[in-house]
Amino acid sequence: MDIFLDILISASLWATVLRIATPLILGTLGELVCERAGVLNLGIEGIMTLGAMVGWMTVYQGGDLWTGVLVAALAGMLAGLLHAALTVPLGLSQHVTGIGVTLLATSLSYYTYRLVLPQATTPPTVTPFQPIGDGSLLGSLPVIGPVLAQQTPLTYFALAAVVVVAWVLHRTPVGLAVRMVGENPAAADAQGLNVTGVRIGAVMAGSALMAVGGAFLTLSAFNAFFFNMINGRGWICIALVVFASWRPGKALLGALLFALFDALQTRLQQVSGAAIPYQIYLMMPYVLSIVALIVMSRRAAYPRALMVPFRKGER
Amino acid sequence: MIRKYVMAAVVAAVAAAGGMSVAEAAEKLKVSGVYTVPVEQQWVSRIHKALTAAEERGDIDYDYSESVANADYERVMREYAEGGSDLVVGEAFAVEQAARRVAKDYPETAFLMGSSFPAQDPNFAVFDNFIHEPSYLTGMIAGGMTKSNVIGIVGGYPIPEVNRLMHAFMAGAKEINPDVKFMVSFIGSWFDPPKAKESAFAMIERGADVMYAERFGVSDAAKEKGVLAIGNVIDTQAQYPDTVVASALWHMEPTIDKAIAAVKDGSFKAEDYGLYSYMKHGGGSLAPLGTFESKVPADLKAKVEAKQKAILDGSFTVKVDDSEPKSTL
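Just so you know, the protein sequences line up as chains A and B, in that order. For the first sequence, UniProt numbering begins at 1 and goes up steadily by one. For the second sequence, UniProt numbering begins at 1 and goes up steadily by one.
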């Protein structure tokens, strides 16, 4: 039990939690924006892969890090536009389209990578975002300083994005429009809103956030692009949106909670690896998330028009 | 496929230009690689390198498919066999039954597959990365270099190919330093460097000052925290000159060249080529210490050298232990 407490109060644990959570925060926010507008975006896994590849490739080809992030976001928007074009005006199945977008974006990323770097044996690297360091304003704060000092700018970008998305969704006319087309598109239409346009815009914006989440992995958490490196993080975000009851603040909480479980299992596995099979530890974050999901989602109010295509003039 | 035609065109052009008869060029063996992972992956990169070298020497025509899903593996194998490949090289670990079935259906084609199981007559030969010998030597170096007496090991999955190297590494470290303790963890993925990095960070936090880098990401954590790392399969010292002390290298060239020669003279049999990954065949080696040449104590170097000699002349055998390694801390 002492070891457990030691782990819980160590700065390195919480620094790890923030690092693991960052791509999940961005991915979950992105998915949340799409779903609040009534569009389920299962393209997330592929869009994150695309963001990871495009962002990294931009930097590798000589762009600076923020340009890489920007290009990743633009690539994400394009993939989002594809998903939106098929599901919103055409009203195709959002499940099937989303899986299709994931397959396409993933394969396209691998293909492009191989096209540009056909003979790579050891993956080439770039200089990633550096931690802000002890000397920075946040890093010199008492108690939480050591945790904050170890984070890179993209983590702060993700935390800021939570605030911005929450504010836009709940405090601005744009956010009201997004929520309205997700709840009752017919009413929104009657108010003179362009339902199709709002939905497409929301999916594109959400997809951009997902792509930046992917880019975090290749530009902050690591310095190279690997096939399969998203490793299911996108799917976790889908579950986190439900956990969050479609609210940005709770999305942050969910991502942090999952990251905490993951950081804990890594440490517990090393403490007493002999006693319990390592698979049990690896399973822990997922099992605990499922439990949390069940507890939290019982009262969840999902967007009424989620996965319901809107056809103007149809009753 | 396009690659194949381009290659054929290039070969024809070169043959014509060099005054070589086309028949001569056509005698080249057709070798195909079927890989479940990208060719950057450490393990497969060694096979790919050996085959590329053989192609550059002009011994073979080589084409390959990478990142083939397990469900697709049989189909791709069949495509190459149907396409007239003389030798198909790949990894059958997750697709043993299917791969062996394909081999039965194409008795004229030679198959050389990475596998944890025995060869299958008449044409299914197997190999594996038996580099436990150099792993033992790197373990000795790690045991001698650690000051905290804690060594961290991060792996993907505990499969025999991984376990035997870890056990040899641990045994080597124990020989030099009986007090050394190990932390072992698995991340449940072959491709998640950020996760491997976090796992390594956690070990370093708990006092590990030498990291065994079975996965990409571990050496990066070691570099950031300024602790030492030991490489596996490939030499990564060029990327981490101040932290990677030594690496146990795998060389597929002896295995591949042996198989190519056997196919050429018609003597290819269902054998276990695992042997050709042993040090005495040049299939495994301890990477040069390079930047650490002067930082590793002389008496430790002498011990490692003596052990290397003993392994090569057969007076010392490194035990092959395929069981899952556990933390001892």
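Check before you lean on any hint, since a few could be wrong.
[To be verified] Which residues of chain B face chain A? A few of them, derived with a C-beta cut under 8 Å, are: (1) 38; (2) 67; (3) 70; (4) 84; (5) 86; (6) 186; (7) 192; (8) 199; (9) 202; (10) 203; (11) 205; (12) 206; (13) 217; (14) 240.
No lab work stands behind these hints, which were simulated from the structure alone. Yeah, the Cβ is synthetic: ideal placement off N, Cα and C, and Gly gets one too.
Contradicted hints - numbers only:
The structure breaks hints 3, 4, 5 and 14; every other hint is satisfied.
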